[in-house]
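Visitor: So the sequences go chain by chain: A and B.
When we follow our numbering, the leftmost residue of the first sequence carries the number 1, and every step to the right adds one.
When we follow our numbering, the leftmost residue of the second sequence carries the number 113, and every step to the right adds one.
Bear in mind the hints are in silico, worked out from the structure with no lab data behind them.
As the structure is a computational prediction, the values presented were derived from the model and not from experiment.
Treat the hints with care, as some may be off.
To be verified - Pairs of lysine-lysine, DSSO-like flavour, derived with a Cα cap of 27 Å:
#1 Lys5/A / Lys429/B
#2 Lys5/A / Lys497/B
#3 Lys32/A / Lys408/B
#4 Lys481/B / Lys502/B
#5 Lys408/B / Lys107/A
#6 Lys390/B / Lys502/B
#7 Lys110/A / Lys497/B
#8 Lys222/B / Lys171/B
#9 Lys390/B / Lys88/A
#10 Lys32/A / Lys497/B
#11 Lys48/A / Lys5/A
#12 Lys54/A / Lys222/B
#13 Lys429/B / Lys497/B
#14 Lys480/B / Lys54/A
#15 Lys222/B / Lys35/A
#16 Lys90/A / Lys502/B
#17 Lys54/A / Lys390/B
#18 Lys110/A / Lys408/B
#19 Lys474/B / Lys54/A
#20 Lys497/B / Lys408/B
Unchecked claim - If you want the ones that stay clear, here's a sample from chain A, every Cβ over 12 Å from chain B, calculated:
#21 Asn46
#22 Ala64
#23 His106
Glycine included, each C-beta is placed from N, C-alpha and C at the ideal position.
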Amino acid sequence: MAERKVLNRNVMIDLIGDDRESIRQFEIDFLKQAKTSLIKIAALYNEKNLAAIKEEAHFLKTSAKAVGAEQTADLLEALEHSAVENNKEKSKQKIIQIKESLLLVHKEVKNG
Amino acid sequence: MANRSKSKSKIACRDPEVIMIYENEEDVLGVASIIAEQVEEYRTIPVNSKIGLIINKCKPAVILLALSTIERNIELYNQVIENKCLDYPHHSVLLCNNRESAAAFRCCLKGLFDDYFVYQPLYEKLRLKMIVHNGLQSSQASTKYAGINDEELENIGENLSSLIDQSGEWKQSLLGSISSCKQVINAVEPAEAGSASAASTAILDEINKTHIEPLLADLETNIRLNLDSLIGQLLAQKNGLSTFESRVAMINEMSDTNPDKRASRLKKALAEPPARGKERILVVEDNVLYRDMLVKVLSNENFVVDVADDGLSALKKIKKNCYELILMDLFMPQLDGINTTKQIKAVTGGKSLPVIALTGNKNKDLIKKWAEQGLNGYLLKPSNKTEILKAVNKVLDQAR
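Chain B on its own, in the form it takes in the complex (with noise of 0.2 Å):
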């Protein structure tokens, strides 16, 4: 600042950071030197109609208004601000008279303006320095402005000047120490927030993983496992209404009067399993023709039969129906037989079913590999109409 002119010129600098608007320059000519003294960027600008584009052009820090009248600043004010000359940060003080004191103050308490300085009669020259200081200090577009030196201030002894310059770096190194400590707190709470937020999510993962998880787990067997215990009740019930129904059809068929006789014959009826052939039997091949010969061979022999092409189709019957066996190609399209019979306990609610693979393989360790997955025998394709009975009946009577 020691380079710093003090000359009027300044009064019309180009791009000043202060500007004063006035209407009479009598009115002004003290507070402008006060300021002028101040203030290297300073211009005073008659108020005119293209105040506004100055103002916009020159973009100052701080603006003075010292119009005749506060209504008047007032309204330039608003004339400024409503052309959006006055669309930036920017530090305005209302200068008036003493008699308007109590509007100004009005104002700058409602926000219009930032300061007042009251200038007539008379002025306080210092305060009028501190407003615009404080403007320029406050004001983010102040680049320029590098402050008062002490040289610049009136003398007010050693000491006491000593004892403000102390307390004042304490005071700001105390502010200072508790700006850091905020800025601190702020670049740490967010870290810490999401800290706290993400050891949240952990503890609430791992509640879920061995707690909720294991119970909605153990829930969904339970239902599971009561569903398919209600739908195998229902399918014994079923089957043994069927049974019974034709046991009760064949007592009925025993046309002999005597009772010793029709007791001895009906213990021993009872006493037998169901006659062989009404057994439901699914015939799951892709190949219709061989299929087909299957089916024949098994009707011929009044079993039941049902026929899938493929793994997926036989898994929808088995769910719907009630078989008592399955003869199921192991080479399939969608879903060969393998992953079939590993899947019928799934949709028969645990309840296995014997399953005989036709297999075209004549590799007997590969085909005990298969008989472990499931299976209860196996038929090579194509076998003889004895070789199928055979393997049938013998997969049936294991499973009574």
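So here's chain A without its partners, still in its complex pose (with noise of 0.2 Å):
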């Protein structure tokens, strides 16, 4: 299995073209839906309210998955299956992941 990257921008070319600008965009709105979902994950964990997480991680994997985000699709893929396992501890640990993760991609964006 290929390395998985902080941000395959093939992925948007093979969606939406060679779009520069468009791809750029897309980017950005990834990176503000992102922080906004974020904050909701560690309000939910707070909370204990895995079931929710599980839904928001989801919600949040089909931009990453569309943007190219692929190491963070991965980790939300990962938060899915803890919240549903029910595992607290393990929810944590991707949380903080993810949103090691999208500084990464906030890195890779910024960096063009």
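Once you've looked at the hints, go ahead and assemble the two chains, each given alone in its own frame, into the complex.
Guide: Printed below as a string of structure tokens:
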């Protein structure tokens, strides 16, 4: 299996074509969406609402896959599983990892 | 009644069941003694300013008024009533002289007094006893009066006595039977009335269920179908007009002046379906980022794209607009994709629209199961442009 990238831009090119400006806009929109979503996930974690965390992780995973944020998408899927398993500790670890992966995505988007 | 005292001491009884109010004691001595013989709890009272209070305190069942004139008796009676000293069931008897019997009769006829007794100049003793007896019997307030024993009655001969007793018993028996029957009827009637009412209600319910409700349901269905058909025809006309207009425009664009070539191109053009890319597609997806990506992909291919956040919004748009295809996310808030798909026919008047499901679930068995709910295809999220367009075109081609 090929190494999963922080941000695989070919995914977006395959989807909407080689439209750099639109791709960049979608990447920025993804980061905005991810920030809101991650704050929500943290709040749900504090409420111990793992079922809602699973839903939110699934929601953000679609966007992450669509923009090519492969590592983030994988971590979100892992968070879905740990939430379904009702594993709080594992879920916490995944949430922290997702935050770190999003910082990497942010860095790549910033660097263009 | 054997122990009943007939002494005059009873005339001053504290709680009499019968009282007689008089002005001149001499006038009532005779009748007073007759009543005293008959009733234990009896008292004669000279009229005075406290008579109302006495009556109210004793609450006698029978009140005999023996003032000097009928007018004075009426005035006293009215006064006692006005003073609310006679606010209980009682039997009022007017004692009068022979000259005033017509007025006394009138008083009773008008309901002022219950009975009257002519005691001057002569009186019939047993008649008075009968009046008092009836008064006590009829008054619900009387509890102590035990009636008149046979020993107290005058001797009228054994045969006649026996005949009276037997006839009396028969009559009472007959009246008792009638009364019992009435009670039974009265008790049964409400129950029967209730049962009849329940039966009527049941029959009406049955008629409603078996006849009225099906008729109403048929009527409703017919109206709905007619309306749906009408709406369908209007939509078809609208679509037809749109297609016709686009083809007219296409024909007009043909600049070839050669009639044969023009006819050939026209024939070819009409035989072909309209060019792909003008179809209206509704994208139903709650993830705005992914939705915008789909919109961009489809818009780039010249599809006319509309969007909805959730199932309910989608149904509203489907009802108002005419789409050739729906791309539907299966997991959305408010109303999910499967249930939205099920409702589409309801809002389009029975017209089915092709629906492609958008799902992140890779379980093929599950997707196949969803497809049975009215889906025409599915796209895994996120698919690439080629996969999306392939699925869209396939479904649109099938729908033609």
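Visitor: Look at each hint and say if it fits the structure.
Guide: Now for the hints, and whether the structure bears them out:
no. : hint                : in the structure
1   : Lys5/A / Lys429/B   : 39 Å, violated
2   : Lys5/A / Lys497/B   : 20 Å, holds
3   : Lys32/A / Lys408/B  : 19 Å, holds
4   : Lys481/B / Lys502/B : 22 Å, holds
5   : Lys408/B / Lys107/A : 26 Å, holds
6   : Lys390/B / Lys502/B : 16 Å, holds
7   : Lys110/A / Lys497/B : 26 Å, holds
8   : Lys222/B / Lys171/B : 24 Å, holds
9   : Lys390/B / Lys88/A  : 50 Å, violated
10  : Lys32/A / Lys497/B  : 24 Å, holds
11  : Lys48/A / Lys5/A    : 31 Å, violated
12  : Lys54/A / Lys222/B  : 93 Å, violated
13  : Lys429/B / Lys497/B : 25 Å, holds
14  : Lys480/B / Lys54/A  : 24 Å, holds
15  : Lys222/B / Lys35/A  : 99 Å, violated
16  : Lys90/A / Lys502/B  : 40 Å, violated
17  : Lys54/A / Lys390/B  : 39 Å, violated
18  : Lys110/A / Lys408/B : 23 Å, holds
19  : Lys474/B / Lys54/A  : 17 Å, holds
20  : Lys497/B / Lys408/B : 10 Å, holds
21  : Asn46               : 22 Å, holds
22  : Ala64               : 9 Å, violated
23  : His106              : 16 Å, holds
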